[in-house]
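J.: Okay, here's what each chain looks like letter by letter:
Number of protein chains: 2
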Amino acid sequence: MIINESEIKQMEKRQRAALINKLNGYKSPVLLGTQDLQKNTNLTIISSFTHLGSDPALLGFIFRPLSQDSHGLKNILETKIFTVNFINEPMIKKAHQTSARYPKEVSEFDEVGFTVHYEGAFKAPFVKESSLKLGMIFKEKIDLNINNTHLVIAEINFINTLLDFEHLAEVSDVAVNGLDTYYTVKKNIRLSYAKPNIKLEEL
Amino acid sequence: MIINESEIKQMEKRQRAALINKLNGYKSPVLLGTQDLQKNTNLTIISSFTHLGSDPALLGFIFRPLSQDSHGLKNILETKIFTVNFINEPMIKKAHQTSARYPKEVSEFDEVGFTVHYEGAFKAPFVKESSLKLGMIFKEKIDLNINNTHLVIAEINFINTLLDFEHLAEVSDVAVNGLDTYYTVKKNIRLSYAKPNIKLEEL
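Chains A and B are the protein sequences, given in the same order. According to this note's numbering, the first sequence holds residues 1 to 203 in order. According to this note's numbering, the second sequence holds residues 1 to 203 in order.
Just so you know, not all the hints are guaranteed correct.
Any copy, or any two copies together, can satisfy a pair, since identical chains are not distinguished.
What the hints assert, rightly or not - Here are the simulated lysine-lysine pairs, DSBU-like style, with alpha carbons at most 30 Å apart:
#  : residue 1 : residue 2
1  : Lys9      : Lys128
2  : Lys123    : Lys195
3  : Lys187    : Lys39
4  : Lys93     : Lys186
5  : Lys141    : Lys80
6  : Lys104    : Lys39
7  : Lys139    : Lys74
8  : Lys195    : Lys9
9  : Lys199    : Lys74
10 : Lys80     : Lys9
11 : Lys104    : Lys74
12 : Lys123    : Lys9
13 : Lys195    : Lys74
14 : Lys123    : Lys141
15 : Lys104    : Lys195
16 : Lys187    : Lys123
17 : Lys39     : Lys141
18 : Lys93     : Lys187
19 : Lys199    : Lys39
20 : Lys80     : Lys104
21 : Lys39     : Lys74
22 : Lys195    : Lys13
23 : Lys186    : Lys104
24 : Lys9      : Lys93
25 : Lys39     : Lys195
26 : Lys80     : Lys199
27 : Lys141    : Lys74
28 : Lys187    : Lys128
29 : Lys186    : Lys128
30 : Lys104    : Lys199
Rather than coming from a laboratory, the hints here were simulated on the basis of the structure.
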C-alpha cells in the first residue's frame with residue numbers, strides 16, 4: 001500500500017498527527033524536570049530527543065513552537081539547566097498524565113504524584129522514583145524556521161542512577177511510539193562491531 | 001551512584017561512547033537507502049532521528065561530521081532524496097552489518113544480502129524486505145557547530161507499507177539502544193489523551 005503526499009496532506013489533522021508521530025519509530029519516553037527562578041517546578045513527558053555526540057556528551061531535544069504553554073522550554077531558557085528522568089513500567093500512567101495542560105502555577109510533580117528530588121547544588125528538580133536521571137546543562141537553542149520548532153542542545157553534566165554500571169545497559173524497560181502507546185522492551189541480541197567480510201558475533 | 005562531568009570526560013574513549021550512546025534511550029534502527037548520480041547504491045543503519053512535525057511531515061536525522069566515509073550523507077546532498085526502511089527481527093544481523101566501513105563502490109545491499117527495490121519514479125533504493133518504508137525528500141541541512149555534526153531535515157513524500165492502516169500502529173518489533181544492542185518490543189498499553197483532573201483510560 002502506498003500513502004502518497006497528497007493523501008497525507010488531506011488526512012484529518014488528528015489522524016495525520018497520530019500517523020506521522022508513529023513514523024519516527026520507538027523512543028524512550030522521559031520526564032523533563034525544570035523550574036523557574038521562583039522555584040515553581042514543571043514536569044513534562046517528552047520523547048523527541050536524540051544523541052548528538054559523546055565528547056562532549058550532547059543530547060538534542062525538539063520543542064514545539066514557543067507559546068504561552070511552553071513552561072518547560074521557558075524554564076530551561078531562564079535557568080539554563082534541566083533534568084531527564086527515565087521511566088519504568090510502574091511509572092507509565094503518571095508520566096503520561098504530565099502531558100495534560102496544567103496552568104503554570106501548578107506543579108505536575110504534585111498533580112500526578114511524583115516526588116521532587118534535588119541533587120547537591122543542581123537547581124533543577126529530579127523525579128525521585130526514576131532509576132536513571134541526567135543533570136543537563138543548556139548549551140544552545142536553534143530555531144528550525146521550516147516549522148517554527150526549536151532544537152535545544154544540552155550537555156550531560158552528571159548521571160544519577162540506582163543501577164550499577166553493568167545494568168546501566170538497560171536504561172529502562174519502556175519505549176513509546178506515537179503519542180499514546182507504550183511498549184515493553186526486552187533484550188534480544190548484542191552484536192559485535194561490524195567489519196567488512198567478518199562474521200558478526202553475539203556478545 | 002553519581003557519575004559526574006569529570007568522570008565522564010576521563011573515561012576511555014570507547015567506554016564513554018558506549019555509555020553516552022545509551023543515554024538517549026531506545027530508538028528504532030532503520031536502514032537509510034541512497035544512491036549517487038552514477039546509481040551506486042548505499043545502505044546504512046542509523047537510529048539518530050526524530051519527529052519534527054506532522055504538517056508538513058518532517059523528520060530530522062543527525063549525521064556525523066562530513067568525511068570521506070560519509071557516503072550516505074553525500075548521496076543525499078547530491079540527489080536530494082533517500083529512503084527509510086524499518087527493520088524487523090529477522091533483519092537485525094544483516095542490518096547491523098551495514099555499519100561496517102565498505103568502500104564507496106561497494107553496495108551494502110549486495111554485501112549483506114538485501115534486495116534493492118525502486119518505487120515508481122522515485123530514484124532512491126528501498127529495501128524490499130522491509131515492511132514499512134518511507135520515501136524522503138531532503139529539505140535542509142543545518143550544521144551544528146558545537147560538534148560539527150549535521151541535522152538533515154527531510155519531508156515524508158510517501159509511505160510504502162505491507163501493513164494495513166490498523167497494523168501500521170506497530171512500525172516494527174525491534175528497538176535499539178546504544179551502538180550494538182537490539183531489543184524486542186511488545187505493546188504494553190495505549191492511553192487516552194491526558195487532561196487535568198480526568199482519569200486516564202486504556203484504549
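J.: None of the hints should be skipped; say for each whether it holds.
T.: To see whether the hints hold, each was checked on the structure:
no. : hint            : in the structure
1   : Lys9 / Lys128   : between (43 Å within a copy, 26 Å between copies)
2   : Lys123 / Lys195 : between (45 Å within a copy, 28 Å between copies)
3   : Lys187 / Lys39  : neither (39 Å within a copy, 37 Å between copies)
4   : Lys93 / Lys186  : both (20 Å within a copy, 17 Å between copies)
5   : Lys141 / Lys80  : both (11 Å within a copy, 26 Å between copies)
6   : Lys104 / Lys39  : within (12 Å within a copy, 54 Å between copies)
7   : Lys139 / Lys74  : both (14 Å within a copy, 28 Å between copies)
8   : Lys195 / Lys9   : between (42 Å within a copy, 28 Å between copies)
9   : Lys199 / Lys74  : between (50 Å within a copy, 28 Å between copies)
10  : Lys80 / Lys9    : between (37 Å within a copy, 21 Å between copies)
11  : Lys104 / Lys74  : within (11 Å within a copy, 45 Å between copies)
12  : Lys123 / Lys9   : between (44 Å within a copy, 22 Å between copies)
13  : Lys195 / Lys74  : between (45 Å within a copy, 21 Å between copies)
14  : Lys123 / Lys141 : within (20 Å within a copy, 35 Å between copies)
15  : Lys104 / Lys195 : between (52 Å within a copy, 15 Å between copies)
16  : Lys187 / Lys123 : neither (35 Å within a copy, 36 Å between copies)
17  : Lys39 / Lys141  : within (22 Å within a copy, 38 Å between copies)
18  : Lys93 / Lys187  : both (23 Å within a copy, 15 Å between copies)
19  : Lys199 / Lys39  : between (55 Å within a copy, 28 Å between copies)
20  : Lys80 / Lys104  : within (18 Å within a copy, 43 Å between copies)
21  : Lys39 / Lys74   : within (13 Å within a copy, 47 Å between copies)
22  : Lys195 / Lys13  : between (45 Å within a copy, 19 Å between copies)
23  : Lys186 / Lys104 : neither (37 Å within a copy, 35 Å between copies)
24  : Lys9 / Lys93    : neither (32 Å within a copy, 36 Å between copies)
25  : Lys39 / Lys195  : between (51 Å within a copy, 24 Å between copies)
26  : Lys80 / Lys199  : neither (46 Å within a copy, 34 Å between copies)
27  : Lys141 / Lys74  : both (11 Å within a copy, 26 Å between copies)
28  : Lys187 / Lys128 : both (25 Å within a copy, 26 Å between copies)
29  : Lys186 / Lys128 : both (24 Å within a copy, 27 Å between copies)
30  : Lys104 / Lys199 : between (55 Å within a copy, 21 Å between copies)
Figure legend: structure checked against the earlier numbered hints; hints not met, in rising order: 3, 16, 23, 24 and 26.
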